[in-house]
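A.B. asks: Residues per chain are reported as follows:
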Amino acid sequence: MAGSGTRDIKRKIRSVNSTMQITKAMELVSTAKLKRARKRMDITKPYFETIQKAVLEVLGSDQTIKTDYVTDKEIVKTLYIVITSDRGLCGGYNANVIKAALENVVDKENAQFLAVGRRGNEVLTRHDFMIADSFLYISEKPEHIHASQIAKIATDLYNKGEVDAIQLVYTRFASTISQVATRLQLLPIERPESIEEDELKEFIVYEPSPEEVLKYIIPKYIESTIYGGLIESAASEQAARRIAMESASDNAEEIIDELVLSYNQARQAAITQEISEIVGGAEALK
Amino acid sequence: MGNKFKLDVVTPDRSFYSGETDMAIMRTTEGDIGILYDHEPLVSPLRVGSLRIRQDDQTFKWAACSAGFVTVNDTVVTVVIDSAEWVDEIDMDRALEAKRRAEARIYEGIDKEVDVVRARAALERAINRIKLREVRK
Chain A
1 MAGSGTRDIK
11 RKIRSVNSTM
21 QITKAMELVS
31 TAKLKRARKR
41 MDITKPYFET
51 IQKAVLEVLG
61 SDQTIKTDYV
71 TDKEIVKTLY
81 IVITSDRGLC
91 GGYNANVIKA
101 ALENVVDKEN
111 AQFLAVGRRG
121 NEVLTRHDFM
131 IADSFLYISE
141 KPEHIHASQI
151 AKIATDLYNK
161 GEVDAIQLVY
171 TRFASTISQV
181 ATRLQLLPIE
191 RPESIEEDEL
201 KEFIVYEPSP
211 EEVLKYIIPK
221 YIESTIYGGL
231 IESAASEQAA
241 RRIAMESASD
251 NAEEIIDELV
261 LSYNQARQAA
271 ITQEISEIVG
281 GAEALK
Chain B
1 MGNKFKLDVV
11 TPDRSFYSGE
21 TDMAIMRTTE
31 GDIGILYDHE
41 PLVSPLRVGS
51 LRIRQDDQTF
61 KWAACSAGFV
71 TVNDTVVTVV
81 IDSAEWVDEI
91 DMDRALEAKR
101 RAEARIYEGI
111 DKEVDVVRAR
121 AALERAINRI
131 KLREVRK
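Chains A and B, in that order, give the protein sequences. The first sequence: position 14 = 14 (the working numbering), numbered continuously. The second sequence: position 29 = 29 (the working numbering), numbered continuously.
Errors might be hidden in some of the hints.
To be verified - Facing chain B, according to a computed beta carbon distance under 7 angstroms, are these residues of chain A, among others:
| id | residue |
| --- | --- |
| 1 | I43 |
| 2 | Y47 |
| 3 | H144 |
| 4 | E207 |
| 5 | Y216 |
Note that these hints are calculated values from the structure, not bench results. Think of the CB as a built atom: it goes at the ideal place given N, C-alpha and C, for glycine as much as any other residue.
If we strip away everything but chain B, and leave its shape as in the complex, we get (with noise of 0.2 angstroms):
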C-alpha cells in the first residue's frame, strides 16, 4: 500500500467525501485518470462518470458523478463536480424515470435546441448511474 494522500469531493448540496486515500481514478473530459501519492499539480474538467476511490482494504469504492473538475496541489486533491453518490445510494426507479423522461423529451423537442441539449446531458447522467448500479452493485 501506497503513501496516502488527502482527497475533498465536494457538491453543492454536500461536502461528499473527507479523507484519506493512496489511490482515486476519476473519469476526465480526456479520458480516465488515476491519482497517486505525489501527483504534479493538475487542473482538469470531469465528465459524467466514475470516481473510485482505494481503500485500506484495497478494494475500490465507487461513486456515480456528474460533470464537475478536479484540482490538484501540492497538500490536497480536490473534486468539486455538481453531483455525485455512492453506487449503493443511486435510486434505480428515479434513474430509469429520469431515462425515460430524457428520452422522451429528446424524441419531442428536435426542434428546440435547448432543451435537446439539457435532455441529453440528463440522459447521459441517468443512463450513467443505472450502468454502474447494475455493474457495480
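Next comes chain A alone, as it looks inside the complex (with noise of 0.2 angstroms):
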C-alpha cells in the first residue's frame, strides 16, 4: 500500500526540516557575530595601517640601516603561522588556509607550524609537521596580548636562527562574500623600493637613532601584523560561516520542496487508487 510510502517521506521532510532550523539558526548567529567582527576590525585597521607605513617609511628612507630583521640570507627554514578556527562547518575557510600555507612547503623538515585553533592544529598534527606551538579557543575572539604572545614565541624562533622567515598565514577580509586565504612574510622584511631621489634629501630624525627605533618598532610591526590577521580571520570565518550556513538552507529548502512533491504524488496515488478500488468493487456488484 502507497500509506507506508507516504509516512516514509513524510519522516524524511521532518529530518530535513529540523537540520534545516539548525542551520538557520547558526546562519543568524554567524551574522550577528559577523556584525562585530566587522566592527573590531574597523576600529584595529587604523592602528594596523599606521604601523605598517611607519615601518615602510623608516626602511624605505635610508637604506643603510642594519638590522637582523632585514637580511639577504638565504632562507631555508620557514615558521608559518598559520591561522584558522575552532569550530568547523564553515565551507572551505579552513582548508583554504592549510592549502595556502603548505603550497609553500617544499621540504616537510624545514618548515614548522604554529597552529592558531584547532582545526588546523588537528589537520597539521594528522600530517606530521613539525608544530612549534599551537594557540587553541582564541581564533573567534582574538585579543591584543594572543597576538604578542605570538609574536614573542616566532620572533624568539627567529633570533635563536632556528628560523630563517616567518609567513602569516590568514585569510583576507575582501567582502562579506569573499574571502582570501593570504601568504604574508613577517620576517625578513624585505625593503621596499628606495624611495625617488629628491624625497630622500628629506630628513628624517630618528631619536636616539634609527637602530634603535627600528629595535622597537619591528617587533611592534609584528605584533600589529598579527593582531591584524587574526582579527581579519575571525571576521573571515564568521562570514565564511555565514555563507556555508546560507546555502546549506537553501539545500534543505530544496530538498524539502522535492519531498513535498513526491509526498502529493504518493498521496494522490493512494486516492487514485482506493477510488477505483471502490468504483471497480461497486461495478462487480451491479
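Hints in hand, dock the two standalone chains.
C.D. replies: Okay, structure coming up:
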C-alpha cells in the first residue's frame, strides 16, 4: 500500500526540516558575530595601517640601516603562522588557509608551524608536521595579548636562528561574500623600493638612532600585523560560516520542496487507487 | 596661540584622539618632547608616561599612555601606543589592583626571568596611572 510510502516521505521531510532549523539558526548567529567582528576590524585597521606605513617609511628612507630583521640571507627554514578556526561548518575556510600554507612548503623538514585554531592544529598534527606551538580557542575572539604572545614565540625562534623566515597565513576579508587565504612574509622584512631621489633628501630625525627605533618598531610591526591577521581571520570565519549555512539552508529548502512534491504525488496515487478500488468493487456488485 | 597641526593618537582597540592642536607633549625614551606646528620629521619610541594635548583654552588635556612610538611628518603627527586613557577615565581601583598583583608577581617570581620582566612593565603602567590620576585630577 502507498500509505507506508507517504509515511516514509513525511519522516524524511521532518528530519530535513529540523536540520534546516539548525542551519538557519547558525546562519543568524554568525551574521550577528560577523557584524561584531567587522566592527572590531574597523577599529583596529587605523592602528595596523599606521604601523605598517611607519615601518616602510623608515626602511625606505634610509637604505643604510642595518638590522637582523632585514637580511639577504638565504631562506631555508620557515615558520608558518597558520590562522584557522576552532569550529567547523564554515565551508572551505580552513581548507583554503592550510592549502595556502602548504603549497609553499617544499620540504617537510624545514617547515615549522605555529597553529592558531583547533582545526589547523588537527590537520597539521595528522600529517606529522613540526608544530612549534599552538593556540587554541582564541580564533573567534582574538585579543591583543594573544598576538603579542604569538609574536614573541615567533621572533624568539627567529632570533635564535631556528628559522630564517616567518610567514603569516591568514584569511583576508575582501567582502562579506569573498574571503581570500593570504600568505604574508613577516620576517625578514623585504626592503621597500628606494624612494625617489628628491624625496630622499628629506631629513628624518630618529631619536635616539635609526637602529634603536627599528629595534622597537619592528617587533611592534610584527605584533600588530599578527593582530590584524587574527582579527581579519575572525571576521572571515564568520562570513564563511554564514555563507556555508546559507547555502545549506537553501539546499534543505530545495530538498523539502522535492519531498513535498513526491509526498503529494504518492498521496494522490493512493487516493486514485482507492477510488478505483471502490469503483471496481461497486461495478462488480451490479 | 600658535598655528595648529593635525594629531592622531591610535591604539589597538580604538582611535583615541584625532584632531587639531597647537602643542602636544609626550614622553620618548630620551625624555619629554614638545611638538609644535611645523616640527621637523621625527620618529621616536615612547615609553610609559603621559601625553598632554593643549586645547583651545590653553589648558592641557592629560592622558596616561603606555609604550609606543611617534612619527612626525609634514602633514600629521601620529602617535601609536598600546593603550591610552584620559586622566578622568582612569579606573583607580583597577590600577591599584594591577599594582598589587604586579608587586606580588615580582616578589614570587624572582627566578622566572620572563615573568618578572612582564610584571615590571605592568607595575610601571599601574604606577603611572595612579600617579597621573592623583596629580592631575
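A.B. asks: None of the hints should be skipped; say for each whether it holds.
C.D. replies: Status of each hint after checking the structure:
1. I43: holds, 6 angstroms
2. Y47: holds, 5 angstroms
3. H144: holds, 5 angstroms
4. E207: Status holds, d = 4 angstroms.
5. Y216: holds, 4 angstroms
Checked against the numbered hints given earlier, this structure breaks none of them.
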